[in-house]
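Residue numbers (the numbering used here), protein chains in the order written: chain A, 1 to 318; chain B, 319 to 539.
The set of hints was computed from the structure by calculation and includes no laboratory data. From the three backbone atoms N, C-alpha and C, an ideal C-beta is built for every residue, glycine too.
Some chain A residues close to chain B (C-beta under 8 Å, calculated; not the full set): (1) L22; (2) F26; (3) P33; (4) F43; (5) P93.
So the derived label-pair ranges between C-beta atoms look like this: (6) A:R21 to B:T400: 51 to 61 Å; (7) B:R356 to A:R21: 25 to 35 Å; (8) A:A55 to B:R451: 15 to 25 Å; (9) A:G274 to B:P436: 49 to 59 Å; (10) A:R63 to B:A429: 33 to 43 Å; (11) B:R356 to A:R50: 31 to 41 Å; (12) A:T262 to B:R356: 53 to 63 Å; (13) A:Y150 to B:L392: 57 to 67 Å; (14) A:R113 to B:V343: 47 to 57 Å; (15) A:R50 to B:R533: 30 to 40 Å; (16) A:A62 to B:W450: 32 to 42 Å.
Facing chain B, from chain A, some residues (calculated, C-beta under 8 Å): (17) Y24; (18) G28; (19) A30; (20) F32; (21) H34; (22) G44; (23) R46.
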Amino acid sequence: MNGRTLLDTAAGVDLPPQARRLGYVFQGYALFPHLSVADNLAFGLRGRPRAERQARVREVIARLGLGGLADRYPRELSGGQQQRVALGRALAPDPELVLLDEPLSALDAPLRRQLRDDLGAILSDWGKTAVLVTHDLAEAYQLASTVVVYANGRAIQSAPRTELLWQPASEAVARVMGIRNILRGSVVKATADGIQFRWRGQLLEGANSPTRSYLPEPGSALAFYIRPEYVRLIRKDRGGPDAQHHTNLMSATVVREADAGTVWTLYLRLDEPGPPAQGDYDLEVEVPKLVYEILEIPRDRSWQISIHRGSIQVLPSA
Amino acid sequence: MSAEALTALWLSVRVAVVATAANAVIGIPLAYLLARRRFAGRGLLDLLVTLPLVLPPTVTGYYLIVLLGRRGWLGAPLYALTGWSVAFTWWAAVVAATVMAMPLIVRTARAAIESVNPAYEKAAFTLGRSEWRTALEVTLPLARKGLLAGLVLAFARALGEFGATLMLAGNIPGRTQTVPLAIYTAAQTGETGEALWLVVMLTALSGAVLVAANRLGGRAP
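The task is simple: from the sequences and hints, build the whole structure.
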């Protein structure tokens with residue numbers, strides 16, 4: 001668990017659910033179908049004075065924008081309204097922590113996006129800690145300040161969301177996150193400032209992690225990744241590449257491409273002998289559609305590429 | 319139509335109502351335990367409750383005599399203590415009807431409870447409810463159609479109980495002679511008019527119960 005797990009269940013592991021004081025939003029919501037919205041919201045308030053219960057339900061209805069729906073039954077609500085009732089029911093007793101189990105997984109894409117924004121707004125308005133379980137990295141990134149990555153039942157990284165996105169702790173984390181262009185080279189020289197390594201006949205240099213300096217032995221294997229949107233294609237109409245601006249220079253050919261709408265994905269193969277690193281290509285490169293058109297990529301398939309040393313992310317092993 | 323026949327009808331209704339109430343109180347908790355809990359003896363309990371469904375009613379009635387008769391395992395101590403025995407009283411008819419109808423309520427209610435999504439119960443637990451409160455407020459209300467259907471079946475079964483009642487309660491006109499027993503007696507003694515009248519009454523009563531149950535069961539939500 002690398003000692004940085006955020007949710008410490010060790011103390012509460014034997015407590016029955018009734019005593020945990022956790023709000024829980026179930027996958028599929030599990031709203032009580034035989035109770036009205038108001039009764040669902042009041043369910044966790046049993047034992048409190050009637051006036052307090054009513055006031056609390058009114059407050060939740062107002063804060064979650066459920067006005068006019070108090071007497072409806074769950075089946076009469078839209079997906080978004082159901083989500084808000086489920087959230088309201090969990091939050092009404094004012095738990096110390098609210099757990100959300102894949103709250104958006106059952107929805108289709110447009111609704112999912114809207115409800116994700118709603119969910120974020122409601123949770124930040126409430127100001128309580130929420131733990132959200134999801135398989136969708138974009139969802140985790142957009143809703144969470146800290147992200148814990150689990151694989152095979154173990155936490156493999158716990159970090160602020162930007163650190164996770166830009167500095168995954170290991171190759172395993174990078175793979176779980178669906179990062180592309182995860183590659184392997186061999187170390188030439190590692191210093192606290194940067195790591196020089198060899199890959200596909202090229203001598204490349206990447207910046208070392210500012211938070212965890214990683215110093216592998218020369219000759220050892222090194223995992224790294226290059227984000228597809230950070231590979232630069234060098235324009236031919238502006239003179240040759242310039243050592244000041246263009247580091248990690250390579251020549252490559254576009255072997256395939258895919259139109260993803262506003263961006264194009266190019267599959268590049270280095271002009272080097274030997275089998276490419278990822279099937280029939282070495283690098284996946286993403287360019288905005290506008291750039292794709294300006295550079296006339298459909299016509300011109302051979303390119304010099306460069307990668308800024310800060311855009312080669314080293315993945316420490318173990 | 320004789321006064322005896324009317325007495326039999328009134329007795330049958332009282333016996334069926336009390337037996338159904340007893341089944342609601344005993345059978346529904348049993349159904350809940352069988353549906354939601356795993357415990358030692360669960361299979362045996364299931365078997366015991368279901369047996370009256372497959373055994374000849376006279377066999378079940380015989381067991382009830384062994385258990386509750388004046389010299390029975392439970393009946394003897396009760397008689398020694400109070401001088402009263404359940405055998406050959408209208409309570410014997412209630413006991414016989416309850417035991418014979420119990421498989422119907424337990425099996426129907428159990429299936430209804432098992433079909434309730436456990437996520438609702440887990441949700442109630444996280445909102446602070448005990449298992450007992452959850453059963454009362456969530457599980458049983460969500461299973462209510464099945465529970466109602468089971469109670470109706472049990473009522474109809476209790477109304478028509480014959481064999482076990484005859485064994486434990488006897489066939490005493492005015493005391494333990496329910497409609498099925500009165501029909502048997504009337505048919506045996508050649509009072510065909512009386513028998514027909516009772517047959518029509520019992521059929522109408524059972525039919526009315528089923529229609530009422532369908533109406534209730536079909537009502538939302």
